[in-house]
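Novice: Let the sequences and hints guide you as you build the complete structure.
Protein chains: 2
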Amino acid sequence: MTAICELDTPCVLVDLDRAESNLQRAQAFADKAGLKLRPHIKTHKLPRFAQRAIELGAVGITVQKLGEAEVMANAGISDMLLTFNIIGAAKLKRLRALHDRVTIRVVADSHECVAGLAAAFADASKPLGVFVECDTGMGRCGVQSPEAALDLARAIIAAPGLDLAGLMTYPAAGKYREAAEWLAAAKAMFEAAGIALPTITTGGTPDIWHADEAGVATEYRPGTYIYMDRSQVAAGAASFDDCALTVLATVVSHPTTGRAIVDAGSKALTSDLLGLVGHGYVVEYPDAKVVGLSEEHGTLDVSAYPDGGPKIGEQIRIIPNHCCPVTNLFDQVHLVRGGEVVETVPVAARGRVD
Amino acid sequence: MTAICELDTPCVLVDLDRAESNLQRAQAFADKAGLKLRPHIKTHKLPRFAQRAIELGAVGITVQKLGEAEVMANAGISDMLLTFNIIGAAKLKRLRALHDRVTIRVVADSHECVAGLAAAFADASKPLGVFVECDTGMGRCGVQSPEAALDLARAIIAAPGLDLAGLMTYPAAGKYREAAEWLAAAKAMFEAAGIALPTITTGGTPDIWHADEAGVATEYRPGTYIYMDRSQVAAGAASFDDCALTVLATVVSHPTTGRAIVDAGSKALTSDLLGLVGHGYVVEYPDAKVVGLSEEHGTLDVSAYPDGGPKIGEQIRIIPNHCCPVTNLFDQVHLVRGGEVVETVPVAARGRVD
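If you're matching them up, the sequences are chains U and B in order. First residue of the first sequence? That's 1 in the working numbering, and the numbers climb one at a time after it. First residue of the second sequence? That's 1 in the working numbering, and the numbers climb one at a time after it.
Among the hints, a few may not be true.
[Unchecked claim] Cβ-Cβ distance ranges computed for the label pairs, FRET-style:
{"hint": "1", "chain 1": "B", "residue 1": "E181", "chain 2": "U", "residue 2": "Y305", "range": "26 to 34 Å"}
{"hint": "2", "chain 1": "B", "residue 1": "T344", "chain 2": "U", "residue 2": "G174", "range": "37 to 45 Å"}
{"hint": "3", "chain 1": "B", "residue 1": "E181", "chain 2": "U", "residue 2": "A304", "range": "30 to 38 Å"}
{"hint": "4", "chain 1": "U", "residue 1": "E343", "chain 2": "B", "residue 2": "Q51", "range": "36 to 44 Å"}
[Stated by the list, open to error] Derived lysine-lysine pairs resembling DSS-like cross-links, with alpha carbons at most 25 Å apart:
{"hint": "5", "chain 1": "B", "residue 1": "K289", "chain 2": "B", "residue 2": "K311"}
{"hint": "6", "chain 1": "U", "residue 1": "K93", "chain 2": "B", "residue 2": "K311"}
{"hint": "7", "chain 1": "U", "residue 1": "K311", "chain 2": "U", "residue 2": "K289"}
{"hint": "8", "chain 1": "U", "residue 1": "K311", "chain 2": "B", "residue 2": "K93"}
[Unchecked claim] Chain U side only, calculated, beta carbon under 10 Å to chain B, not exhaustive:
{"hint": "9", "residue": "N85"}
{"hint": "10", "residue": "I87"}
{"hint": "11", "residue": "D135"}
{"hint": "12", "residue": "T250"}
{"hint": "13", "residue": "S253"}
{"hint": "14", "residue": "A264"}
{"hint": "15", "residue": "S294"}
{"hint": "16", "residue": "E295"}
{"hint": "17", "residue": "S303"}
{"hint": "18", "residue": "Y305"}
{"hint": "19", "residue": "L329"}
{"hint": "20", "residue": "D331"}
{"hint": "21", "residue": "H334"}
Keep in mind that the hints were calculated from the coordinates and are not lab data. Keep in mind that this is a model prediction, so the values were computed, not measured. A virtual CB, placed ideally from N, CA and C, is assigned to each residue, including glycine.
Specialist: Okay, here's the thing in structure tokens:
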């Protein structure tokens, strides 16, 4: 086995025990809350963790792009929700091909999107399940009102190749109460209209420990929870001890006592700030500040350490602000336990952007 | 040939005529200024453009990581400067292997770095050229004073396997005058000490059209200039009509008249702001603002367009804030001319982070 200290840097370490603990804790919480769990694979992009979550009780997975769905289908995952509007002939053809192999459901938030799906699945041997995406406060995709959700649901029901799967939302962080109210109002309206909603699905790791307050929702789709990161610690959803993903970096320069430079820049940590100040948390030097990133350089303010903190050649581990895009930057990640690399695996769904 | 409008999105388009024009203009400017040009390949990560720059008169290329150098060496590029401190046994071994095949020079800004290089190259059949990296205002790597540069140069000269190649700096954008003064002071000090400086190399696209004011510098290392981007337009180094790289995206949602969502998020455009507001420039809708990015969603404020601007299903092209990390996110780019794809090529040095 390779020791972590022998690895070339920068590279990504995934602590297997922490990841397993995070998976189990979320499944137990969902079970207690009476919610189905449908984890988003965008965080890890690895079939093994998708499969492990399902072994632990998840009903399937969530994916964000067709390319991710294709990778997971090839790895044997048979039940997935694609939470992205599928638009255009090329993508509809790929969706149809997937639908012939696995159970895949999608979302829609416009009549244009529903019309495209309807045309592509009119002659399908089994209907495609379609959720109405609802904008419950995120200000991204989604119909703007329960009335609009009902209107779009009628269009889905009217399309021969489509089935209404339910309602889907991605709530803004911290706005789970607003989301619950929105969905409750929509559900009441659908009931009054005599239209069944098989599933009402919501998500988000920042509010995962409030999933039991998700009201009428029947399913939860967390992603980041498996690895956690600095933004989730800031949101109160995790502690640094829960964080399973770190970027291993080496100090390559120490131009002044107060400044150290590591070989992990935005090509390793991404520029995602998510409202935070600084670009990560240094495990071994918690008072160091990652004050700047170039593509290949990370600039650390180590002035809190009178002796300059880490020395040239020293390895440090950085918990990134946002772990999901970090896994998208690396061809492989090292699965570790203690100080040892257990296995090095390709990030199967990395770069699947379409 | 494939028409651009047939491409699946998001994807990267590189306008061949604009890239060629940018290469030629910079070479002509450097020639007139009496400077050698050593373009940085981090922007395109493609052997073909490295080779084309050399055909046009560049003396070689610049790379930032060993992985990039290995890709370029494998593609037949034989002269490169690696502007990153090489630290640690694993990387020194890779550097030595490259040095056996091609002309590669490196930088150092500490006695620790020089000692590592000296130990690894003590028995090399030809010496390794090493530049002293100088911090002329960037506040990243580099020795902090001309005196420190001279001190480190003496250590390089004293090491049997190393040759002093000269001085290297990456100036902060807009601080080319400060950099020129710093380097002039250093050169005078080296002359007084009787130490020759074969090359003094500086760089940066933001100030490329001030390269003729680089003083004692003999070589210039621009990177972004081949594609240009929104940050270079903001810096006054380019116009939007010079920008060769665009991200082709599709409108997938239009939840309100003033808001459109495209399928290019931070996994396509990166979160790099570089001091700018917003995440890109929409070629077809210049008054649209890219106000937010999730990993797979880009949120456009199109309220400047009373009819909502682009429709669902419409393709738009976005000039990113920073083109270099964008090419790092895509396995391939489409080389285009007019409305046609001339060739689709793998991004050979993508993800070479170590």
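Novice: Run every hint past the structure and note whether it holds.
Specialist: Against the structure, the hints:
1. Our hint of 26 to 34 Å for E181 (chain B) and Y305 (chain U) holds, since their Cβ atoms are close to 32 Å apart.
2. Here the CB-CB span from T344 (chain B) to G174 (chain U) is close to 43 Å, well matched to the stated 37 to 45 Å.
3. A C-beta distance of roughly 33 Å is found between E181 (chain B) and A304 (chain U), which places it inside the suggested range of 30 to 38 Å.
4. At roughly 38 Å, the beta-carbon separation of E343 (chain U) and Q51 (chain B) lies within the given 36 to 44 Å, and the hint holds.
5. With a C-alpha separation of about 15 Å, the suggested pair K289 (chain B) and K311 (chain B) falls inside the 25 Å cut-off, and the hint holds.
6. Only pairs whose Cα atoms come within 25 Å are accepted, and K93 (chain U) paired with K311 (chain B) is accepted, the gap being roughly 21 Å.
7. Pair hint K311 (chain U) plus K289 (chain U) holds up; C-alpha atoms about 15 Å apart against a cutoff of 25 Å.
8. For the proposed pair K311 (chain U) and K93 (chain B), the alpha carbon gap of about 21 Å is at most 25 Å, so the pair holds.
9. Because the beta carbon of N85 (chain U) sits about 4 Å from the nearest beta carbon in chain B, less than 10 Å, this interface hint is met.
10. A cut of 10 Å between beta carbons decides the hint on I87 (chain U): the least distance to chain B is about 5 Å, and the hint holds.
11. Contact between D135 (chain U) and chain B, as hinted, is supported at the beta carbon level, the nearest pair being about 6 Å apart and thus within 10 Å.
12. At about 6 Å, the closest approach between the beta carbon of T250 (chain U) and any beta carbon in chain B falls short of 10 Å, and the interface hint on this residue holds.
13. A cut of 10 Å between beta carbons decides the hint on S253 (chain U): the least distance to chain B is about 4 Å, and the hint holds.
14. Below 10 Å, beta-carbon pairs count as interface contacts, and A264 (chain U) has one with chain B at about 8 Å; its hint therefore holds.
15. Look at S294 (chain U): its Cβ gets to within about 7 Å of chain B, closer than 10 Å, so that hint holds up.
16. Below 10 Å, beta-carbon pairs count as interface contacts, and E295 (chain U) has one with chain B at about 6 Å; its hint therefore holds.
17. For the restraint placing S303 (chain U) at the interface with chain B, the shortest Cβ-Cβ distance is roughly 13 Å, beyond the 10 Å limit, so the hint is violated.
18. About 17 Å separates the beta-carbon of Y305 (chain U) from the nearest beta-carbon of chain B, more than 10 Å, and the hint is not met.
19. Of the supplied interface hints, the one on L329 (chain U) holds, with its beta-carbon coming within about 7 Å of a beta-carbon of chain B, less than 10 Å.
20. A hinted interface residue such as D331 (chain U) counts as satisfied when its beta carbon comes closer than 10 Å to some beta carbon of chain B; here the least separation is about 5 Å, so the hint holds.
21. Evaluation of the H334 (chain U) hint against chain B yields a violated restraint, the C-beta minimum of about 12 Å exceeding 10 Å.
The structure is inconsistent with the numbered hints 17, 18, 21, although it conforms to all the rest.
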